[in-house]
Each structure stands twice: as structure tokens, then as C-alpha cells.
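**Q** First to last, the protein sequences are chains X and S. Last residue of the first sequence: 485 (this note's numbering), numbering continuous. Last residue of the second sequence: 450 (this note's numbering), numbering continuous.
These are calculated hints, taken from the structure and not from any lab test. Computed from a predicted model, the values in this text were never measured in an experiment. Note that the Cβ used here is the ideal one computed from N, Cα and C, for glycine as well. Any given hint might turn out to be false.
The calculated lysine-lysine pairs, modelled on PhoX-like cross-linking and capped at a C-alpha distance of 20 angstroms, are [said to hold, decoys possible]:
#1 X:K281 - X:K392
#2 X:K447 - X:K482
#3 S:K312 - S:K180
#4 X:K377 - S:K77
#5 X:K101 - X:K37
#6 X:K53 - X:K37
#7 X:K67 - X:K34
#8 S:K77 - X:K378
#9 X:K377 - S:K81
From chain X, some residues computed to sit far from chain S (all C-beta separations above 12 angstroms) [stated by the list, open to error]:
#10 A121
#11 D341
#12 I343
Among the chain X residues that face chain S by a calculated CB cut under 10 angstroms, a handful are [stated by the list, open to error]:
#13 F38
#14 D66
#15 S97
#16 N99
#17 G248
#18 S331
#19 E332
#20 A369
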Amino acid sequence: MLPENIKVILWWTQFLRISMLLEKSIKELASGLKEKKFSSEDLVRECYENIEKLNPVLNVFVTLRDKDEVIKEAREKDKKTPVNSLLYGLPFVIKDSYNTKGIRTTASSKVLETYIPPYNATVYQKLLDAGAILIGKTNMDAWGHGASSENTDFGPVRNPWDNSRVAGGSSGGNAAAIAARMAVFGIGEDTGGSIRNPSGWCNITGLKVTYGRVSRYGCIAYVSSFDTVGPMARTAEDCAIILQVTAGKDPLDATSSPEEVPDYGSRLNGDIKGMTIGMPKECYGEGVDNEIKSLIYKAAEQYAKLGVEIKEISMPMLEYGVPVYYLIGTSETSSNLARYDGIRYGNGRNKFTSETMRRIMLGTYALSAGYYDAYYKKAQQGRTLFIKEYAKAFTQCDAILMPIEPMPATKLGELIGDPVKNMLADIFTCQTPVGIPSLAVPVGFTKSNLPVGMQLLGNMFSEPLLLKLGYFYQKVTDWHKKSNL
Amino acid sequence: MPDFEPVIGLEIHVELKTGSKMFCGCSADYFGHDPNTHCCPVCLGLPGALPVPNRKAVEWCVMLGMALGCTIPEFSKFDRKNYFYPDLPKGYQISQYDQPFCVNGKLKIKEQGTNNKEQREKIIRIRRVHMEEDTGKLLHATVEGKKVSLIDFNRSGVPLVEIVTEPDIRTSEEARIFLKKLHHVVRYLGISDADMEKGSMRLEPNISVKLKTDGNLPPYKVEVKNINSFNFAKKAIDFEINRHIELLSDGIVPKQETRGWEEKKGVTYSQRSKEEAQDYRYFPEPDIPPVRWTKSQISNLKSQICELPDQKIARFMGDYSLSEYDAVVLTDEKETAEYFENVMKQVTKNKGQITAKTIANWIINRKADISKVSSEELIKQISQKSQKATMSDDELGQIVKKVLGANPKAVADYKAGRKNALMFLVGQVMKETKGKVNIEKAGLLLRDLI
């Protein structure tokens, strides 16, 4: 008798999972809303069900919006004639580094514990204009300082696949929220892997855009010359739809690019046959988890089956990525965080975490008289070499395929307790000084059921190409559909 | 006593009167407004806010550089100057470090010689002219019995141009003349009120003293701040020169430091010594892409520069045969010069007989109110007056002779040395002519005929 019951329960679980609205793609959700098969309110309710069930453990939010208030907003959206956007009525989350008028914004730091901004980040405003509904502000490594979402004053984010492990970072709250179906999509921020790393470790799709593709206005700066504003969602197609809304020149951001915004959705179509993907041999050597390597090789085989040529390339400069990134990065962050001087935001500089203090000290040192030439300037020269290294690689292939991290999600405490290991974990994602885009895509699971992702890197403004490669891969695989609910 | 020689360089800050601030849309016209009413996320340095440079301000900075004979490098960039101060909301000032908009200029100054006739010309080299943002303002007040420091961010982010000279100045008078001339150029360009009372022009002399025989620059320098007039700058420099000479005479090298000017006592006082000097950790401002000028942009800006005081003086002397004195006075205010030229234009158009010298006299000596009297009206006034003098010399001669004949006593008195007698005779001539002649002319003629 008992086995029968279990079967029934399993069937129901399966059925519930399939019937969950949040399993649908943005396109499906948009047409469902349009045809009134379900409402925005239904979607919001589903988000809050998952939040109530899972957030006490996952600790995704720094600030969660009041459920009734959000439901009210959804109802109003349901009644109104929708604006012409696929994101209309869709619930989303945003990293706590984005200014949201009237809603507390802390960058996960106690320094801004009570800070309520008087203005909106451009990306947030664009999403509001499109009719999307904010659920909450997600937990992160304070100021973007970290790759595990443990360097936060609001408690670490836990991985939905294994609660004893981290979600990755710094946009860890976003990744966990999407993986746990607490929202349809999220806006993350990638400076040295902060979108791709948690996307890989939580089994979602995340896009680090080209520097300047999306306005940074209103995004609390970590490294001003590397920071990028990107979508985190379940699929490449979803990311394309979100990017369509967020991309473009912003008069409020002098570094935003005037480069024309293509139609990302239509550029997903066509074919990828005849394209070339390069795999730098330096990314598949020692120090990289074997399971990760073999899962990425399998993904490469998949591409080969789709008619893509796979090619081994060499990028010997890669090992210098971490020092170049961390010298320029800490230099800029030491200056960017100077405004939190204890005068205006309630809390003083003693509220910075030790990881943040370490980065401020390192950056201050690198910029100091007598050290500038040896560190900051040298790093900028390294940056130029890096740009050349990637330019050379892109003469041999259309996209580069790399692991995101050398290992799957780490145990809580593992990275935060070892600052150097924490930095070295960024080895494959710290090419941000180059400014190129990169798409993180799920490629399977380790034997212990931890998600693994790959990243596809392309030339400046090659988002259409990367999204297309991701889209084609996701048409023939279903890793991205799996969740641990 | 050994022969000492002062070495002086100047740093001048000029606030531009652009409509909006340097990096945001807030109004830059902050003076006299309620505290913190001209602010936004950008000039308050709120988390996430980004600077977008004001094109007009950058162009004006370049135009000032051009007016000062600077080279405009094709590549320039902004940098961050990092330091903590409560009036600096971002913890850094956006400024320019090693690649400013303008470099290597010069300004010619003229110094009057001691006998007031000789003029000495000197070139003061300009090291650089760069763009930066102003800071907020601290107010120290007592509120509800408690001593507090308040911050007004209205000034935060107002465009500021910094002009730095080479240490070519040798006397406080040279410094004063240079500053006046720079002020003149800035006012001419119309890019700033350059009002020292309001702080829209700020002066920081760098002073040191060396032995005249020593070809090297002194191993120290003293910067003096808080100076808000050309005369105070002169006084502060003189005070410092004397102080340094006293120390040097005792074999002491003055301390490198920043000093403040105490206006009431007429002294400077120590503010910050070299040991406390800051390491500003300059690095390129990552929020603002570098500026790359095209040749046409540069030549376009050059063409927008108005005629500058020196050029105008030369032209006035050449075209209108004015004396240097007249030309200098007429060109002191751009509006006066324009007024003068308007009058001249109309006179020429109507083939009038009024000379440039006469017009200059009317403007300079008779102090015609150019804000009220239109150029047409001025011409009318001058003509009416000069018509009175249109009596022919023959006619005047007749009248003078008549007056002389009718007043033999007065003639005798004058011959006896009583000067007043001539005035009486002039009065008689004026009476006869009903005031239609020039007094001086009548006087001269009377004297000749007596």
C-alpha cells in the first residue's frame, strides 16, 4: 500500500512542479497574461509561496517588499491595459546594489543599513516603465566584494541545491531567488564574475553584458570601469528579452555606449552551423575540477553536433587576470567607497566588513605615491595586454568556451575564511578589464548533484551571438529546466 | 645684507557661470540661495550617482586656455583627487592631473616704471589651465545652544577652472598686475563673474625667496590661501617675502607649508605643514571617458573667442588714433568699448565730424552714463555742444577785439599780472557770443591779442 501512496505523492509533486507558472518562459508568461489564462497576481502569489517556504533557509532578501502591497500592485496591473512589453506584470528581483526610490538600498552593508534612496537606478526605472513588478532587493557580497555572498552584513545566502553550500556571488541572492522560483527574473551586476559565478552554482542563465551596454546610473559602484548591469533568468531567451528593455545609451551615464541596440529576440533565430568555438587549453588544466571539465567537454560535443567547430586555442595571459583585476578593482573601490565617510549615511567606516577593509587598504596602497607605477599603472598596462590577448583569440574563433569557476559551489565559510582562495576563484571570470560580454549557461550536475555552468565569451557587443549560442544549446538540453524544489 | 629675490607663482580658481553645474543638471547659480536647494544625487555624491561632464564648461575652459596662449592637447582626461573633507561628498574631487585641457601658455603684463612714464613688459608663463568641480561649503554655527558644523552643498559641483602659472613673478606688484589682467581676460570672455567678494575668483600665491645669485628654484615654497582681493594678494606676498628674508638672513630655510591670510591683522598664519601634506592618490576618473579633440573642434572654439583686451587696445590706438591711456580706459569694460565703437560706427555712417578723441572724452571724462544714454543720444549731445563752438575764428576775433576795446582797465590789470582779469574778459566774450565758443579757445585768443 505504502509504495502506492508514495507513487501518488511523487506524481503530485511532479504535477505541481510542471504546473508551476514560474517554470514557464517569459514569452509563455507574457502570452498567458495577455490571453488571461492566469494573472499577474497568480504569478506574484506563487513567488511569495516559494519565498515563505524557502527564504527562511536561503536568506535571499535584504529587503522583501510587503506581500499585500505587491499583490495590490499586481492586481492593478491586471486591470490596466498592459504597456507593450513582454515584461509587463512579471515579478522580478534586483540586487541590493541598485537604487530604488523609497525602498531601502544597502549593497548588503551595515554602512547603508537604513539608507532609503531618493532616486531610481536607470535599469530599475526601465523595468518599472515596462510594467515589471519588484518583489525585493537581494542579498549579495557587500559592495560586490566577494564571490560567495558570504561577505554580507545580512547573513550568507545559501545554495538552493545544497543548503550547506554558498550560492556564489556577489549576485548570490538573485541567483538563489531565480533557482528557487521566487521571481521570474533578476537584475544582477557583474564586475569580476558576480553574475556568472552564482548563475553557474545555482543552475540559472546569466549574462554579463559588454561594458557600457546597460546604464550603470544608480548602481552602487564597486569598480566603475568594470561594473556591468545584466539579466539573470532561467534561459538565454529570457535574458535576451530582458536585455532588450535594459540596454541602451543613458544621458545620465557618460560611459554608456551609443552603440545601437539590436533586436535580441529576432537575432536568436537562424543558425549556428559553421561557427567556431575556441577552448583555451589553459582553462582545462590542473586546478580545475574534473567533473566540471568533463561536463563542459560534453557541452562542446553538443555544439559539435549542432555543426559548430570546436577548436583548442591558447591564452597564456590568463593567469595574470587575477592580479590585474584585483589591483585596478581595489584601487577604484577604495575611491568609490570614500563617500561613506560617516557623515551622511548614519554609520561610519568601522561598519565595513574585514573583506571590504582589506580591499580598501589594498587599493589605497596601489594608488599611493611611490607605489602607483609599480601597481596601478602596471595593472593598467596588463589590462591593455589582456585586451590584445582576447582580440587575438577572437581572430581564431567566434566565441570562447570556459568554465566559470574551477570548482562547484563551496561550503559555507570555505571562501570567506580564505581571502586568497576567494580571489583566485575568480580566475576565469576576471577578464572584465577587457569589457567583453559573457553568458553563463547550465551544463549539468556533479555526482553530488551540484549544478555546473559554462561561460561563452564573445567580442565587444556580441550579445546577440552569445545569446544565440545559449539559446541553441538550451533547445537541445534541459539542464536549465531543473530545479531542486 | 645679501641680495634676495622672491620667486612667486600663482594658482587661480575661477568659477564658471554656466547654467548648470559641472557634472549634473543643477543650477550653478547658487550664490545667496537657501542651503541645499541646488542639489541632486550627483552633486551630493549619493551612492550610484554618476557624473556627466558639462560640455559648455569644458569648452569655456579650453577657450580661456586659448586666450592665455595655451596649447590644447588633442587628448585629455579627468582624474580623481582623493581626500577626505566634510564638504567633499564623494571623498574625491573630479579634477585633472597629468593631462589637463590646456598647457604652456603665457600672459604679457606691463608694469609702470617708477617715473610713471616708462613701461616694463614681462611675460608670465602659464603652466596649465584645467577643469574641476567646486566643493560644498562648511558653516560653523550654534544651533539650540550647541556648536555645530553645517554643510551646504549648493556650491558642490559648480564648474571651476584652475590656472597655474610658472614661478616667473618676482614682485608683489607683478603679481597684482598679472591677476588684474587675468581677471580682465576672464571677464572679457564672459565665462565668469570673477567676483572675488562672492568667491567666484580665488587667489593662491606660492611664495619663496632665494639669493639673487642662485640660479635654482628655492627648496621650499609657501602657499597662501583665503585671499579675496588683488590688494590683499599683494599684501600677503609682501608679508611673506619679508618673513622669508628675515628667516633666511638668520640662516633658516622657511618651512614648506600652507598659510592663511588674516585680513584684519594683515598677517599670514600657518595652516598645514609639509609633513601633513596629503597624498591625493590621483587616478583616471573611470566614470568619464577621456576627451579627444578633433582639429575642427579646436579651430571652431578658437573662432568663438572674442577680441581680447590687448588686441582691442592695439586696434583702438591704430584705428581711432587714440592715446594708449584712452584705449586702456575705454577697453576696461567690454561694454564701454562696445558702446564707444557703436558711437563711432554711427558717426562714420552719417559722415559726422565728431572725432574719436571727442567721443572718448565724453565717455571717459564727462562720464556719459552708457547704460542710460543711447549712442544716438550721445551723438546729439556732442553735436549740440560742439555747434556752440562753430563760430568762425574771424567772427570770434571781432568779438574779442570788441571786448578788449570796451574793457581797458581789465586789460591793464592783466598786464600788471592779475590773472583774474583774464577770467573777467573771458566771461565778457562768452556773454557776447552767448556761450557759443569754447572757453579755452576764447581765453587763448584773448591772451594772444592782449
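**Q** Does each hint fit the structure? Answer for all of them.
**A** Evaluated hints:
no.	hint	verdict
1	X:K281 - X:K392	holds, 15 angstroms
2	X:K447 - X:K482	holds, 15 angstroms
3	S:K312 - S:K180	holds, 16 angstroms
4	X:K377 - S:K77	holds, 16 angstroms
5	X:K101 - X:K37	violated, 33 angstroms
6	X:K53 - X:K37	violated, 25 angstroms
7	X:K67 - X:K34	violated, 23 angstroms
8	S:K77 - X:K378	holds, 19 angstroms
9	X:K377 - S:K81	holds, 16 angstroms
10	A121	violated, 6 angstroms
11	D341	violated, 6 angstroms
12	I343	violated, 6 angstroms
13	F38	violated, 35 angstroms
14	D66	violated, 23 angstroms
15	S97	holds, 8 angstroms
16	N99	holds, 5 angstroms
17	G248	violated, 15 angstroms
18	S331	holds, 6 angstroms
19	E332	holds, 6 angstroms
20	A369	holds, 5 angstroms
Consistency with the previously given hints fails for numbers 5, 6, 7, 10, 11, 12, 13, 14, 17, ordered from lowest to highest.
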